[in-house]
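Take the given structure of chain A and dock chain B to it, following the hints.
Protein chains: 2
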Amino acid sequence: MSASQSSQPPVIVTAAILVIGDEILSGRTKDKNIGYIAEYLTNIGIELREVRVVPDVTDEIVAALNALRVRYTYVFTTGGIGPTHDDITADAVAAAFGVSIDYDPRAVAMMRERFAAEDLNEARMRMTRIPAGAELIANSISKAPGFNIGNVYVMAGVPAIMQAMLDVVAPTLRTGTKILSDTVQAGLREGDIGGPLAEVAKAHPDVSIGSYPFWSETGPDTNIVVRSRDAEKLQVAMAEVKKMIREYGQRAR
Amino acid sequence: MSASQSSQPPVIVTAAILVIGDEILSGRTKDKNIGYIAEYLTNIGIELREVRVVPDVTDEIVAALNALRVRYTYVFTTGGIGPTHDDITADAVAAAFGVSIDYDPRAVAMMRERFAAEDLNEARMRMTRIPAGAELIANSISKAPGFNIGNVYVMAGVPAIMQAMLDVVAPTLRTGTKILSDTVQAGLREGDIGGPLAEVAKAHPDVSIGSYPFWSETGPDTNIVVRSRDAEKLQVAMAEVKKMIREYGQRAR
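Just so you know, the protein sequences line up as chains A and B, in that order. Under full-length UniProt numbering, the first residue of the first sequence is numbered 1, with each subsequent residue one higher. Under full-length UniProt numbering, the first residue of the second sequence is numbered 1, with each subsequent residue one higher.
Okay, chain A solo, but in the shape it has when bound (with noise of 0.2 Å):
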């Protein structure tokens, strides 16, 4: 009887990031997006599994989101539904799901909360065009809604915005079993353990090993990162990892 046998089948959760932007492939913007998303979701127990940048660009946008939206339980987007003529996330959303899009009365009603009559001009108006059969995303900084559509969420670029939208969206979110992680310090050049640390990873298939050289204080060292979704398969390869660094130290001296 294997170990796995006394623990439930683990619950696996996908997601990729759409970041929609010709200023970030410009360099001009520098995306802040993707680490906050990617540490949010491993966190509530969603893989990230692939991220895109696309150029504002209605053709580039459908053809990416189709592309996730059937590989992925959940597709997150970012970027392009602000009040200007390069916002056009909102209209390459409906394309992608073939469903209309127009005002919606629930977001003029959000807007109004924050602009008088005379300021809900035809801009702020464009903020308010939602695809047929979404559901809105509040917007707690500045009113003007992202929405979710099918497995799809739709939210703002700018940072603090998509922060607190994410946050509305999570608990509506199906989560699967969390992927644990540890890590150890090796004290070691990556070059000089890669060797015995293969073979720990061959002898745990079902643990991700990662090494990731960085320079400490006292010179070239090296974070090695075990991660699963079993806690028991987890804890089992890392004393190992460890052993492997004691062993290889002491070999060293």
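No wet-lab data here; the hints were simulated from the structure. Keep in mind that a hint or two might mislead.
What the hints assert, rightly or not - Here are some chain A residues pointing at chain B (derived, C-beta under 8 Å): (1) His85; (2) Pro205; (3) Ile209; (4) Ser211.
To be verified - Straight-line alpha carbon distances no greater than 20 Å define the calculated PhoX-like cross-link-like pairs of lysine-lysine that follow: (5) A:Lys32 to B:Lys32; (6) B:Lys243 to B:Lys178; (7) A:Lys30 to B:Lys233.
Stated by the list, open to error - Okay, the calculated beta carbon distance ranges per label pair: (8) B:Gly150 to A:Thr172: 23 to 29 Å; (9) A:Asp167 to B:Val99: 46 to 52 Å; (10) A:Arg174 to B:Thr172: 24 to 30 Å; (11) B:Asp102 to A:Glu232: 37 to 43 Å; (12) A:Ile12 to B:Glu135: 38 to 44 Å; (13) B:Thr14 to A:Glu232: 44 to 50 Å; (14) A:Arg71 to B:Glu247: 45 to 51 Å; (15) A:Val99 to B:Glu135: 31 to 37 Å; (16) B:Ser216 to A:Asp167: 55 to 61 Å; (17) B:Ala138 to A:Glu113: 56 to 62 Å; (18) A:Gly150 to B:Ala138: 46 to 52 Å; (19) A:Thr172 to B:Pro205: 38 to 44 Å.
Using N, Cα and C, we set each Cβ at its ideal position, and we do this for glycine too.
Only chain B this time, still in chain A's reference frame:
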């Protein structure tokens, strides 16, 4: 006679970035390479059109690489060329190109510059495995080279090493007509000027006009960025944007 007939047609050279690494998707490591490469390419006249981030999974790397390399002039990959078992980029690139991979004498010679024979263990020798037909990319930081095969440039994930490799690669690349860009801080809220800005954009279809809201010391503000490969068209469109901002500002007072 249109103004564009007086100038040479622009040369367009495109690129994609493929970031390889579980640590980026888990959020453990925050990518610093996308923004750096994006800005670098823009500055030398190469247009970054797409970015993908994929995990350390051979099939995912192969599929993404094959999708990107047929679409863009160049593909730049980062990550997965270190000495440990989870570094599988070189093998995946060989698989994508359908070529063999083996220890490369040129790469071994580079490693010997840094490592004594007894330190050139199996793990470090892993970093000398290069797909058949590839040219090496020198690594001035830690010797283990990247490589170029076809239109694909395979670079390290560690930012300092990637940056050194990009400096080596850049002079060998074909570059296109630079996309010029000019920015004006509107001093106005994005939603206030979205309408007139859309009219300017419509009247100048050959330039790209982006609108990026931000918070300045005095409150909500907007940067308007005009981009074009044609300096004259950019100047004309930017003059229109500034005129619009002045007129709107006066009306608003």
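Taking the hints in turn, this is what the structure says about them:
A distance limit of 8 Å between C-beta atoms decides the matter here; for His85 of chain A the minimum to chain B is near 4 Å, and the interface restraint holds. Hint on Pro205 of chain A is violated. Least Cβ distance to chain B is approximately 11 Å, over the 8 Å limit. With a cut of 8 Å, the hint placing Ile209 of chain A at the interface with chain B holds, because the nearest CB-to-CB distance is about 7 Å. Because the beta carbon of Ser211 of chain A sits about 4 Å from the nearest beta carbon in chain B, less than 8 Å, this interface hint is met.
For the proposed pair Lys32 of chain A and Lys32 of chain B, the alpha carbon gap of about 10 Å is at most 20 Å, so the pair holds. Distance restraint check for Lys243 of chain B and Lys178 of chain B: the Cα-Cα separation of roughly 26 Å exceeds the 20 Å cut-off, and the hinted pair is therefore not satisfied. For the hint linking Lys30 of chain A to Lys233 of chain B, the alpha-carbon distance of about 27 Å lies beyond 20 Å, and the restraint is violated. The supplied range of 23 to 29 Å is broken by Gly150 of chain B and Thr172 of chain A, whose beta-carbon atoms lie about 45 Å from each other.
The hint said 46 to 52 Å for the Cβ distance between Asp167 of chain A and Val99 of chain B, and at roughly 48 Å that hint holds. At roughly 48 Å, the beta carbons of Arg174 of chain A and Thr172 of chain B sit outside the given window of 24 to 30 Å. About 40 Å separates the C-beta atoms of Asp102 of chain B and Glu232 of chain A, a value consistent with the hinted range of 37 to 43 Å. Distance hint check for Ile12 of chain A and Glu135 of chain B: the Cβ-Cβ separation is about 40 Å, which falls inside the suggested range of 38 to 44 Å.
Between Thr14 of chain B and Glu232 of chain A the C-beta distance comes to about 49 Å, which sits within the given range of 44 to 50 Å. At roughly 48 Å, the beta-carbon separation of Arg71 of chain A and Glu247 of chain B lies within the given 45 to 51 Å, and the hint holds. Roughly 49 Å separates the CB atoms of Val99 of chain A and Glu135 of chain B, a value that falls outside the hinted 31 to 37 Å. Roughly 26 Å separates the CB atoms of Ser216 of chain B and Asp167 of chain A, a value that falls outside the hinted 55 to 61 Å.
Taking the beta carbon of each, Ala138 of chain B and Glu113 of chain A are about 59 Å apart, inside 56 to 62 Å as hinted. Between Gly150 of chain A and Ala138 of chain B, the C-beta spacing of about 48 Å keeps the proposed range 46 to 52 Å intact. Against the hinted window of 38 to 44 Å, the Cβ-Cβ separation of Thr172 of chain A and Pro205 of chain B comes to about 41 Å, which satisfies the hint.
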